[in-house]
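Residue numbers (my numbering), protein chains in the order written: chain B, 1 to 359; chain W, 360 to 718; chain F, 719 to 1077; chain D, 1078 to 1436; chain P, 1437 to 1795.
Quick caveat, the hints were computed from the structure, so don't treat them as lab data.
Positions of the beta carbon are idealized from the N, C-alpha and C atoms, including for glycine.
All the given hints hold, so there is nothing to weed out.
Cβ pair distances, simulated, as ranges: (1) B:G170 - F:R971: 27 to 37 Å; (2) D:N1370 - W:D554: 34 to 44 Å; (3) P:R1592 - D:S1238: 41 to 51 Å; (4) W:D554 - D:A1154: 30 to 40 Å; (5) D:N1370 - P:V1690: 51 to 61 Å; (6) W:D554 - B:D199: 27 to 37 Å; (7) W:G480 - D:N1370: 44 to 54 Å.
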Amino acid sequence: MTRDAHDKDMHKNRPLVGAEPGTLSLPEGSPSPRITLHVYGDESYLSREIESPGEISRWLAGSETVWVDVQGLGDEATLWELSEVFSIHPLAIEDIVHVPQRPKTQAYDNHQLLFTRMLTGGREGNIGLEQVSFVIGPSYVVTFQEREGDVFDPIRRRLASDKKTLRTKGADHLAYALLDTIVDAYFPVIESLGDCIADLEDEVFAGKGDGTLHALSEIRSTLLMVRRSIWPLRDTVNQLVRDDVECFGPEVRVFLRDVYDHCINASEMVETYRELGAGLMNSYLSVVSNRMNEIMKVLTVMSTIFIPLTFLSGLYGMNFVWMPERDWKWSYPILLGVMVTISVGLLIFFKRRGWFRKR
Amino acid sequence: MTRDAHDKDMHKNRPLVGAEPGTLSLPEGSPSPRITLHVYGDESYLSREIESPGEISRWLAGSETVWVDVQGLGDEATLWELSEVFSIHPLAIEDIVHVPQRPKTQAYDNHQLLFTRMLTGGREGNIGLEQVSFVIGPSYVVTFQEREGDVFDPIRRRLASDKKTLRTKGADHLAYALLDTIVDAYFPVIESLGDCIADLEDEVFAGKGDGTLHALSEIRSTLLMVRRSIWPLRDTVNQLVRDDVECFGPEVRVFLRDVYDHCINASEMVETYRELGAGLMNSYLSVVSNRMNEIMKVLTVMSTIFIPLTFLSGLYGMNFVWMPERDWKWSYPILLGVMVTISVGLLIFFKRRGWFRKR
Amino acid sequence: MTRDAHDKDMHKNRPLVGAEPGTLSLPEGSPSPRITLHVYGDESYLSREIESPGEISRWLAGSETVWVDVQGLGDEATLWELSEVFSIHPLAIEDIVHVPQRPKTQAYDNHQLLFTRMLTGGREGNIGLEQVSFVIGPSYVVTFQEREGDVFDPIRRRLASDKKTLRTKGADHLAYALLDTIVDAYFPVIESLGDCIADLEDEVFAGKGDGTLHALSEIRSTLLMVRRSIWPLRDTVNQLVRDDVECFGPEVRVFLRDVYDHCINASEMVETYRELGAGLMNSYLSVVSNRMNEIMKVLTVMSTIFIPLTFLSGLYGMNFVWMPERDWKWSYPILLGVMVTISVGLLIFFKRRGWFRKR
Amino acid sequence: MTRDAHDKDMHKNRPLVGAEPGTLSLPEGSPSPRITLHVYGDESYLSREIESPGEISRWLAGSETVWVDVQGLGDEATLWELSEVFSIHPLAIEDIVHVPQRPKTQAYDNHQLLFTRMLTGGREGNIGLEQVSFVIGPSYVVTFQEREGDVFDPIRRRLASDKKTLRTKGADHLAYALLDTIVDAYFPVIESLGDCIADLEDEVFAGKGDGTLHALSEIRSTLLMVRRSIWPLRDTVNQLVRDDVECFGPEVRVFLRDVYDHCINASEMVETYRELGAGLMNSYLSVVSNRMNEIMKVLTVMSTIFIPLTFLSGLYGMNFVWMPERDWKWSYPILLGVMVTISVGLLIFFKRRGWFRKR
Amino acid sequence: MTRDAHDKDMHKNRPLVGAEPGTLSLPEGSPSPRITLHVYGDESYLSREIESPGEISRWLAGSETVWVDVQGLGDEATLWELSEVFSIHPLAIEDIVHVPQRPKTQAYDNHQLLFTRMLTGGREGNIGLEQVSFVIGPSYVVTFQEREGDVFDPIRRRLASDKKTLRTKGADHLAYALLDTIVDAYFPVIESLGDCIADLEDEVFAGKGDGTLHALSEIRSTLLMVRRSIWPLRDTVNQLVRDDVECFGPEVRVFLRDVYDHCINASEMVETYRELGAGLMNSYLSVVSNRMNEIMKVLTVMSTIFIPLTFLSGLYGMNFVWMPERDWKWSYPILLGVMVTISVGLLIFFKRRGWFRKR
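Okay, chain B solo, but in the shape it has when bound (with noise of 0.2 Å):
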């Protein structure tokens, strides 16, 4: 995880301790809501970008399902003029701006207010974090995210396209295939992980790897980011299925368990990975303590065989006058066979305590 990822995640936009409620304070560096609505119904379809909300209010009023998605939360008074189409309340206005909300559930008069955690990337590419909220109607959706770009291009295709399957539901079955496809993307991320893990367990056993530990503390860290996420959505899910939420139908409803399924299992990968991950910290350490073990090995039977000669050689280049050995003829071959047993003496010893065994 960037850094820069892991301080979205964590500061949230929030305004200054205090303030008035009803005080929205937009999150630094998101662009203007750019709108897209999108009309359906059995026989019909329209996807257009609208400039002003106002335009929606006669879409409402008709017999077709209105899907609305706002992409941007840089604009005050957009916002509150969609507060007003949607008679949304205030306090609700300012948890969709102030992200990250924690994913949660609230049911007003006339509409369900669903607060999610978009996870984008995986595999290849970087992995971002975005709030979804969603304001769920009768007959209509609207989707706020906080900038361009998300993993609903399916759900669009599947409208565009022919198939009757989504268009002849209505706004819940929509709202349950949006939230489903943001649980369904919590996959693709955590497998990457967890590959990653497996990689890294390669390379700590392969003792190779610059950056393992740093990578492996990443890793970690981003585990922590996606089950700050997971839990709280599996959690608004379940309440969801058991709370009866009026908003969901209850065919609907045999469909929302499918999703808290799917939360269920991701929450148990990210658990699974997270103490792989605790174990491979502890092989690593292992593993460095075995290296450091072979280093001394080496130095120590290298030391331990020279010192002892060293010193004999050093003995015998002593200048003093009445050294006596120095004189005879077979000093030094008898040196050189006593150097010559030493160290093969001291080889035996290592032998048998099994320094040489690789381990």
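Assemble chains W, F, D and P onto chain B, guided by the hints.
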């Protein structure tokens, strides 16, 4: 655990993000279904391989119990046909195909769905993991396996043999017997892991073993994998016992409680071995530290004794013109005496510090 | 965290063991109470410092909302007077004075008691911890602070300015606003701790930093202290939301739920940082181990190459009478060649073991 | 724990996977049942060994309390006979034979089944683990033990002696007394483990002990084994207390609560010792590290002082033709002075760093 | 914690395994009971030591409140007499004598039993642990202590002094006051442990201290012991508050809630210190590692610089006949120059690697 098995455990064969429900994404490499039909009653027993699911229907009408054993999930058409014969919900077929599912059970109008994970192998062979899905109806059981080969052979033998115990019971008893076999098959695997840990412990304390660390890490990963299977399986069986699931008669429910007991036993054994594994990791680190200590002691004893001696011999190897000791007759023996004194003094110093005690 | 702050956090200013209930033991060093009175309604706003609690009574009779802000707990008489004016139970006065109390709330006949902990400071300054006790009545709020200085200035400004939002609401809304301010003031502190951890992580992996270990240890202690405050505060707010506490109107309870959400957020951030801190400790240990490895390698490479060479040169420095090599013409260049060969051989040996790879 | 005991604890004597229920797989090495019959009332007491279970029936008809003590499970026929006499369910007989069962209790129509684990040995002897299964009927208790030898001797003595306390009570009181004895027998074992930990702690801090690590590891394994026994036993006793199990009269239930208290005590002691053991492991690692530090310091002090001195003496051992110092009269004493200065300087340097302080 | 205290905490003074209920096994070394009688009402106060429990009866009949304080459990007869006077159940007398009991409370027909653990000592003295058992009747309180000396002196003084606060209240209020005193006496002990940890932290980071490790290990054991006392005490007090125990009037129950708050505080402080202790252990290990690093660096710098120089000087100390350099005039100064170059080069190398930075 081989990395391959791990991948199978974690990487779900799931459809693309945002795909329409009802899209089957067949598991890569799964063979074509091989369907074996078992039809039995008090007096009769028939077992044959069939080509097309259509043949099954006429057996279902009879009063005998039918077990359809499907091995391999590689052909979409056959699966849809089966779904039609037993009126299986499309979402259920998806769960059957999109392996691995988390063990769970779901009630439908006319049958109960049960997803389990079968562990094969153990003491001698490689550990394999496979999803076994059950469709349990009033007079039939359908089992779906990812590939051929399972732990059900004793059941087949008991059906084929003239013992009437199993044949006189209904489909719910068959389902119980199969589930019991799956759970019982966990024990040899878990026990073999426990044996591996005991062997590794011996290796660790004997101080030998090249790949101890790697082996320990693998066993811990495998235990994690088994744990991921046995815990939800335990919950699932508990749900069957507790929820008075319709398809199991009261007589069978007593036996299910026995299966639940086995699940608890298995999961507790896994937890115990996980703790033993973690403790062993610690012991390993300590053993490595101890060994390093010993190496350092050898080095330090040798260096510390010979370094001052070598210095002394170097001293009297100097070529200064004026070095009075050089010319004394007893310099050499006196110096040798000094050297012996130093050596003995240091040895006593080390002995006092307990460096020669074996630990 | 300075040890001083820690002491404040843990060492309760409590009466002697076995003392009679109702004995006040004033917090050491707490200044004399400075009482500020805020009286406001739709149209009116009054704020003045008062000398004696007796003056308050005549304001309580009116229809306006009264906020009595007591800063400093250093005078027993004043506290008993206040207790009389607002008929506060002696046990409650004790809890107000015997700081720090665990955050909690208690219902009395005519008012609600609320004990909270205010965290001040953060990014730039020192972290301070102070108990703020609330007495919340039908038309008044009394706040007791240990000493002057708090996070309530925005509330004071909002009351003083002509915006009517806060003034038109009752005492319960004021209590909410103050509580919200206290909870929101946790975030800058927690975030600054998170930033410190991120900085330390950079330091750890850059391998520099004298006091990294000490700093990390201090941050972890501080997180523990914040955790000790935020968890019971979270429980307390939850209790206010859940128990339908009488003194909070239904309209305010919606806002309290928002405060509860903030508490959850804060506590989860603390947990996340605690985990990151623990992981960082591990990384630090690994980095230290790695560095030791590197140092050992330098030593071993140098020693191992030069030790045999030094031995060889010592050998031919001996003064034996009979050493045939000494007198050969090519002995010297041959020996130099042997030495180069040994060195190169050892370097190749080390290279093969990967000792020169940077890791 | 010996590996043998561990194997007994973990490796269930279970039938083959998929075997038919009702198939008994006798525990390997279990002796033939030795059946002792105790029949007692207020005035009478009879104790004899019987050959065949058939003899028991005529005693059951009487008004006296019957205790049938079966030691050894090595004969299938006898077990089935007993099952007939007391109408024990086949599944229950299986659980009695397939040791070890997890402690549990099950209600049947005319009796209560209770599976417990008896811990023998302790301070002086080896720790043994044995399953004791109870069948508790209205006027009889049957106990099944894996082999001869148990902790019931005090009960036998109390029955045989003329004290009427136990003889005047019914079968439920006998069952309680036996269960109480089993639970109380845990304490000497746990306490002996605690003593071992305390001894090991002394050893660790005295820095001696060859097998400390191994011993610590074994104690932790044994604690894990005891924990695996005491926790489910505690749950089982709690179930007996809470569920108003029919076969225990209200008067005995008071005593069962006492047994439950003992179970809690035992399990908490185990947890405490487990924590102490884990802490001791940490201390051990630290002590090892400290010792390495000390060794390194000795080596470093010696090397660092003598290495420059040796270099200097080597320098003036060179044989260059032109070395002016060589020919000066005072070179030698000056050099000696320089050497002393260097040594003292380095010693001061080390002292300043606190290397000579004992730690 | 001394090993002695630990033994007292863990080794129960329990009767032999299988002993008959009602057999008292007196705590070893407990002195003979010293019974002090306090009888008081609004106007009267009497305090005297009595010889035989029989004397108490006539005071119980009166309208005054009676506190019987029994210090020492060393005489069976006296205990049975007391049991008769207050009609205490034999099982209860057993629990009073078989110290230490886990803190718990039990309701009997005419009185409430309460088992607590009193912690004495703290900042200056040794930590002592003692069981205090309460028998709380309508107009009397009996307290049993293991030995003389307790924390009740303030209560005695309050009873003896003319303040009427305590004397005008009933027996339940006295029981509360005693319990409150016991719980409050935990705080000085826990705080002194916290101070020890803070001192140890200073020692660890100052890098000094011989017995740091041992001291830390002892503090952690003591915290574990305190935890074993405070947690069940907390549960017990909670039970008194929650269960509307008959013997405590509604007015006293408010005060019990206060005691419960103190228990929570104490247990949370223990947990915090346990975490701080664990963190400190980690820091200690890191500091040890760092110190080893530093030692290694000194050794490596010295060795690495002088080893090549020593080799060079050894080289030109050889006595070969043909060594051209030996005879050159400038060889010696050139070699000195080479040596300086090598030294400076290595110093730069080490500086670049940051080895001279203090960390």
